[in-house]
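Student: Under the numbering used here, the first residue of the sequence shown is numbered 1, with each subsequent residue one higher.
Worth flagging that the hints you see were computed from the coordinates, not collected in a lab. It should be emphasised that the depicted structure is a prediction, and the values quoted were computed from it without experimental measurement. A couple of the hints might just be wrong.
Claimed, not checked - Simulated pairs of lysine-lysine, BS3-like, Cα-Cα distance not exceeding 27 Å:
hint: 1; residue 1: Lys51; residue 2: Lys22
hint: 2; residue 1: Lys147; residue 2: Lys219
hint: 3; residue 1: Lys22; residue 2: Lys91
hint: 4; residue 1: Lys220; residue 2: Lys51
hint: 5; residue 1: Lys91; residue 2: Lys24
hint: 6; residue 1: Lys51; residue 2: Lys168
hint: 7; residue 1: Lys216; residue 2: Lys24
hint: 8; residue 1: Lys121; residue 2: Lys22
hint: 9; residue 1: Lys121; residue 2: Lys91
hint: 10; residue 1: Lys51; residue 2: Lys114
hint: 11; residue 1: Lys91; residue 2: Lys168
hint: 12; residue 1: Lys51; residue 2: Lys24
hint: 13; residue 1: Lys22; residue 2: Lys114
hint: 14; residue 1: Lys216; residue 2: Lys147
hint: 15; residue 1: Lys51; residue 2: Lys121
hint: 16; residue 1: Lys51; residue 2: Lys219
hint: 17; residue 1: Lys91; residue 2: Lys114
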Amino acid sequence: TLLTVKDENNRIPINLLFTYSKDKNMMKILSIPRDTYAPILDNEKTTPYDKLSHAYVNGSGGIEDVRTTISNLFDLPIDYYAVMDVEAFSKMIDSVNGIDYDLQEDIRVRAISKVAFEFEKGTHRLNGEEVLALLMDATVGNELGEKDQLNLINAVINQTINVLPQTKLEQFATEIEGDFPIEQLLENPLELPSIQLVSLTDGMIGSMMNESYYIKFEKKFLNSVSEELTTYNSI
1 TLLTVKDENN
11 RIPINLLFTY
21 SKDKNMMKIL
31 SIPRDTYAPI
41 LDNEKTTPYD
51 KLSHAYVNGS
61 GGIEDVRTTI
71 SNLFDLPIDY
81 YAVMDVEAFS
91 KMIDSVNGID
101 YDLQEDIRVR
111 AISKVAFEFE
121 KGTHRLNGEE
131 VLALLMDATV
141 GNELGEKDQL
151 NLINAVINQT
161 INVLPQTKLE
171 QFATEIEGDF
181 PIEQLLENPL
191 ELPSIQLVSL
201 TDGMIGSMMN
211 ESYYIKFEKK
221 FLNSVSEELT
231 TYNSI
C-alpha cells in the first residue's frame, strides 16, 4: 500500500510504502525521499526522469502516476494507494492535540508551506506539518535518523488509531483519495502490528542536474530494498 501526502501545489513531499504479513502481524515501511530521481509517465506517454515530488502534478493521471512511478522504481506491484493533502493530515494530528516528540538537540529542517522549521532541544507538541517536516528530514538522514523516522511513524499510527474516536476516523477517511479499503479496515479493526523500518539512506547518491538536487539509487540497491520489503520468512 502506498500512502502519499500532497501539498497545496500538488507536489508530494511524503511517500510511504507499506507491506503487511497477516501471518506474522508485522508491517514493513519504506519512506521514499521527495527528491528521488524517478521515471514519471507524462501526457505524451513517455517516461522522462524527474523528482518524485513532481509525479502527481507533472504526470498524466495524478495519484495513478505516483503509484506507477514507485512501482516501476522498485519493480513491485502496489495493490492499494491513498493520498491526503497536508491540510487534512494536519487536521487529523491536531484532533489528537498533536504528537509529543523529544528532540536531542537544536535542529533546523526543511518545511513544506515555508522554507524551514527551527526546533530547540527538548519535548515539542508537533502539529501535522511539523511531523511531516521531521519525517522528511529523517528519511534522508540529515538532522534526524532512522530511529526518529520509525518513532515518528509509530507515534502517528498509535495516536490516530488509539486516540481518535471511530466517528473522527470515518470523517477523515472521506478526505482520502484512492482505492485503499478504509471502510473495511474501520469495520474490522486489526490488532496493531509490529513495525519494521526499511531504509534507503545507505544507497542514496546526491546529484546536481540543471541546477536542481536529486537523489539517485543504483538498480541493484533498489532490488535489494524490494526484497527486504517483501520478505518475512526469516523473521
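Student: Determine for every hint whether it applies to the structure shown.
Tutor: Okay, the hints, checked on the actual structure:
no., hint, in the structure
1, Lys51 - Lys22, "33 Å, violated"
2, Lys147 - Lys219, "25 Å, holds"
3, Lys22 - Lys91, "30 Å, violated"
4, Lys220 - Lys51, "20 Å, holds"
5, Lys91 - Lys24, "32 Å, violated"
6, Lys51 - Lys168, "34 Å, violated"
7, Lys216 - Lys24, "33 Å, violated"
8, Lys121 - Lys22, "39 Å, violated"
9, Lys121 - Lys91, "25 Å, holds"
10, Lys51 - Lys114, "19 Å, holds"
11, Lys91 - Lys168, "11 Å, holds"
12, Lys51 - Lys24, "35 Å, violated"
13, Lys22 - Lys114, "40 Å, violated"
14, Lys216 - Lys147, "23 Å, holds"
15, Lys51 - Lys121, "32 Å, violated"
16, Lys51 - Lys219, "17 Å, holds"
17, Lys91 - Lys114, "18 Å, holds"
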